[in-house]
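*Asks:* Each chain, written out:
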Amino acid sequence: MSRLLDVEHLTLQFDTDEGRITAVDDVSFTLEAGEVMGLVGESGSGKSVTAKALMKLNPGNAHYGEATDIKLHLEGGIVDIMPLQTSKEMEIVRGGAISMIFQEPMASFAPAISIGDQMVEQLLIHTDMNKKQAAELSIEMLDHVGISDAATRFKQFAFELSGGMRQRAMIAMALSTKPKLLIADEPTTALDVTIQAQVIDLMKDLVAEFGMGIIFITHDLGVVAQTCDKIAVMYLGRLIEQGTVRQVINNPQHPYTKGLLDALPRLDDLDAPLIPVPGDIPSPLERPRGCVFNNRCAVAIEGKCFSEIPEFVAVEPGHTVACHYVAEGLK
Amino acid sequence: MSDKPLISAKGLSVHYPLRGGGLFGPKPVVRAVENVNIHIPAGSFFGLVGESGSGKTTLGRAMLRAAPITTGSVEYHDDEVTYDLANIDAKALKDYRKRAQLIFQDPYAALSPRMTVRDIIAEPLQVMGLTKSKGETDERVREIAAKCRLNLEHLRRFPHAFSGGQRQRISIARALVSRPRFVVADESVAALDVSIQADVLNLLKEIQQEMGQTFLFISHDLSVVAHICDHVAVMYLGRLVETAPTRELFDNPKHPYTKALLSAIPSLDPDDRGKAQKLEGEIPSPTNPPPGCKFQTRCPEAQDRCRVEEPVLETAGAAHEVACHRWKELLALQPALA
Numbered sequence: 011m012s013r014l015l016d017v018e019h020l021t022l023q024f025d026t027d028e029g030r031i032t033a034v035d036d037v038s039f040t041l042e043a044g045e046v047m048g049l050v051g052e053s054g055s056g057k058s059v060t061a062k063a064l065m066k067l068n069p070g071n072a073h074y075g076e077a078t079d080i081k082l083h084l085e086g087g088i089v090d091i092m093p094l095q096t097s098k099e100m101e102i103v104r105g106g107a108i109s110m111i112f113q114e115p116m117a118s119f120a121p122a123i124s125i126g127d128q129m130v131e132q133l134l135i136h137t138d139m140n141k142k143q144a145a146e147l148s149i150e151m152l153d154h155v156g157i158s159d160a161a162t163r164f165k166q167f168a169f170e171l172s173g174g175m176r177q178r179a180m181i182a183m184a185l186s187t188k189p190k191l192l193i194a195d196e197p198t199t200a201l202d203v204t205i206q207a208q209v210i211d212l213m214k215d216l217v218a219e220f221g222m223g224i225i226f227i228t229h230d231l232g233v234v235a236q237t238c239d240k241i242a243v244m245y246l247g248r249l250i251e252q253g254t255v256r257q258v259i260n261n262p263q264h265p266y267t268k269g270l271l272d273a274l275p276r277l278d279d280l281d282a283p284l285i286p287v288p289g290d291i292p293s294p295l296e297r298p299r300g301c302v303f304n305n306r307c308a309v310a311i312e313g314k315c316f317s318e319i320p321e322f323v324a325v326e327p328g329h330t331v332a333c334h335y336v337a338e339g340l341k
Numbered sequence: 028m029s030d031k032p033l034i035s036a037k038g039l040s041v042h043y044p045l046r047g048g049g050l051f052g053p054k055p056v057v058r059a060v061e062n063v064n065i066h067i068p069a070g071s072f073f074g075l076v077g078e079s080g081s082g083k084t085t086l087g088r089a090m091l092r093a094a095p096i097t098t099g100s101v102e103y104h105d106d107e108v109t110y111d112l113a114n115i116d117a118k119a120l121k122d123y124r125k126r127a128q129l130i131f132q133d134p135y136a137a138l139s140p141r142m143t144v145r146d147i148i149a150e151p152l153q154v155m156g157l158t159k160s161k162g163e164t165d166e167r168v169r170e171i172a173a174k175c176r177l178n179l180e181h182l183r184r185f186p187h188a189f190s191g192g193q194r195q196r197i198s199i200a201r202a203l204v205s206r207p208r209f210v211v212a213d214e215s216v217a218a219l220d221v222s223i224q225a226d227v228l229n230l231l232k233e234i235q236q237e238m239g240q241t242f243l244f245i246s247h248d249l250s251v252v253a254h255i256c257d258h259v260a261v262m263y264l265g266r267l268v269e270t271a272p273t274r275e276l277f278d279n280p281k282h283p284y285t286k287a288l289l290s291a292i293p294s295l296d297p298d299d300r301g302k303a304q305k306l307e308g309e310i311p312s313p314t315n316p317p318p319g320c321k322f323q324t325r326c327p328e329a330q331d332r333c334r335v336e337e338p339v340l341e342t343a344g345a346a347h348e349v350a351c352h353r354w355k356e357l358l359a360l361q362p363a364l365a
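Residue numbers (this note's numbering), protein chains in the order written: chain A, 11 to 341; chain B, 28 to 365.
These are calculated hints, taken from the structure and not from any lab test.
Be a bit skeptical, because a hint or two may be false.
[Stated by the list, open to error] According to the in silico footprint, chain A covers these stretches of chain B (three or more CB under 8 Å from chain A): (1) 120-132; (2) 185-198; (3) 226-234; (4) 269-282.
[As the list claims (entries may be wrong)] For lysine to aspartate or glutamate, the following DMTMM-like pairs were computed, each having C-alpha atoms within a straight-line distance of at most 25 Å: (5) K305/B with E131/A; (6) K190/A with E131/A; (7) K268/A with D296/B; (8) K232/B with D278/A.
[Stated by the list, open to error] Anything over 10 Å on all C-beta distances counts as not near chain B; from chain A, calculated: (9) F39; (10) D79; (11) H83; (12) G105; (13) D138; (14) I205; (15) A207; (16) D211; (17) R276; (18) L284; (19) D290; (20) K341.
Because the structure is a prediction, the values reported are computed rather than measured.
Beta carbons are placed, not taken as given, at the ideal position from N, Cα and C, and that holds for glycine.
Please model the complete structure; the sequences and the hints are all you need to start from.
*Replies:* Have a look at this one:
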């Protein structure tokens with residue numbers, strides 16, 4: 011595998027009426043071509059904002075940290091994303107080499123423009139196809155993602171499609187420009203389980219076929235276990251644990267990751283009690299000092315966890331955790 | 028929990044007429060709930076599952092008399108009163124509202140931003156005239172707030188100061204303050220993060236064990252239902268397709284739809300990939316349901332009979348009912364589980 015994406019020291023703050031809040035704090039990760047990474051966390055953990063930073067889609071009140079460095083490795087060379095400014099420059103990361111699938115497909119399609127026109131439009135922007143070629147490719151892509159009677163659907167509007175079909179059309183549209191990196195932000199959350207299973211299958215087939223890298227944002231660890239190669243767990247803007255899917259799900263190390271898994275109702279053991287993670291995720295205005303999880307953590311170490319930000323330590327090859335308690339145990 | 032139903036529906040249908048169309052033919056009708064028979068035992072935690080569009084919310088609302096009952100009957104029966112909800116007069120309905128309550132899905136939309144938490148919880152008491160003095164109201168509010176783990180400081184604040192999990196606890200306190208016997212919880216944890224969801228589920232269960240309400244828990248999430256409910260009914264396109272005690276339903280699902288639903292839940296085991304039995308297609312529109320069994324368009328087991336004749340619920344074990352022409356046959360074909 012070859013390196014596709016390097017994210018280093020991504021820090022992102024927003025100016026709000028109540029002051030400047032930190033949404034993402036010193037996040038670093040890498041992605042290889044053809045690799046699927048699950049970015050997991052609760053609402054407010056900063057996972058969507060992190061993904062949007064790769065396309066510089068965050069609004070004007072966003073401030074990137076000075077050390078933030080995001081590089082996309084393409085065949086034609088390395089794209090340094092942070093210095094991109096004009097919309098012309100950003101075309102490469104907005105629909106060119108990077109595509110995004112959103113959670114709510116109804117809100118992501120323009121309601122008064124047909125699905126087909128929207129698909130053609132982006133192909134005209136990002137490729138040198140003519141209108142006819144773009145239309146042909148779009149219909150072919152719709153067919154490819156399992157939409158029957160694609161030529162008819164091509165002419166229809168978003169409201170005429172069911173939820174599952176809209177999400178398929180969204181995927182077809184995102185993939186028609188042949189992106190190297192696909193960002194899927196909770197792509198199955200709004201769908202019923204039977205439709206979710208279909209969409210997950212479809213995405214797996216497409217990864218195998220197109221060999222692109224995927225960042226799969228979700229709060230559902232079951233979906234991650236079924237689709238991803240590796241996981242990065244986020245909490246309150248910080249990455250707290252990274253590893254392969256097997257390492258993190260079968261052998262979670264961070265107290266938060268363990269807590270998430272314990273809180274999950276499991277079908278293989280109906281009698282297992284559900285253990286909630288105590289307390290709530292704090293407001294970004296009241297980020298705890300030291301480890302961001304310290305006020306909900308059962309094993310927080312007096313002093314250290316409340317003053318020092320934990321560094322990542324390796325618990326096994328490829329599996330790293332940012333936790334003082336785990337680090338103490340390894341000594 | 029007793030075997031006696033607190034609330035039961037017989038041949039219940041809820042149809043909504045659609046605007047437009049029908050200039051020459053019959054007016055189009057959405058058959059949201061069609062000929063449902065269901066008994067909810069007193070003191071049970073009864074789960075109702077199905078995909079969007081299956082009619083589970085409408086069935087819940089019909090049982091609260093918040094949706095029109097087109098045909099059939101819904102009977103409510105506790106140790107004090109018996110009501111036939113299809114033919115209930117205004118006075119009795121007012122009394123029924125005290126006995127039956129709803130907890131909503133979205134704790135952000137369900138609470139008025141301009142009222143303090145104390146006023147939000149106290150409102151049902153005042154509207155229903157359940158308390159005579161402010162002191163009595165305050166006492167009832169404090170009592171239920173404490174059960175929902177809200178302290179006196181919380182009662183003085185406004186909803187915006189609370190997180191999703193806390194807001195849902197406020198919604199629960201508001202629904203339970205009138206001491207209802209029957210509570211419909213419609214997707215009450217669907218908007219919450221897993222770490223908080225577990226807390227709210229445990230709270231509902233604790234409260235039920237202490238106060239003895241009967242819950243109808245509507246959810247699309249089978250794993251949540253598996254953990255909290257003692258009995259489950261599965262709906263598809265307005266019909267009840269299977270109902271059984273929770274463990275029985277999860278261990279021995281008999282309807283092909285129930286089986287497909289169970290196998291579509293993503294497994295947490297990364298080594299257990301791709302074993303799910305996949306359903307093709309999507310749930311048909313309730314304005315134009317297919318003939319015969321409603322599931323036949325997606326059913327991997329459908330045969331000619333299923334395409335013309337609609338199956339009815341039949342007994343498939345202790346308290347286990349299934350509406351499928353082929354369940355017996357499929358049971359015989361099924362390889363013995365290891």
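*Asks:* Are any of the numbered hints broken by this structure? If so, which, sorted upward?
*Replies:* 1, 5, 14, 15, 16, 17, 18, 19
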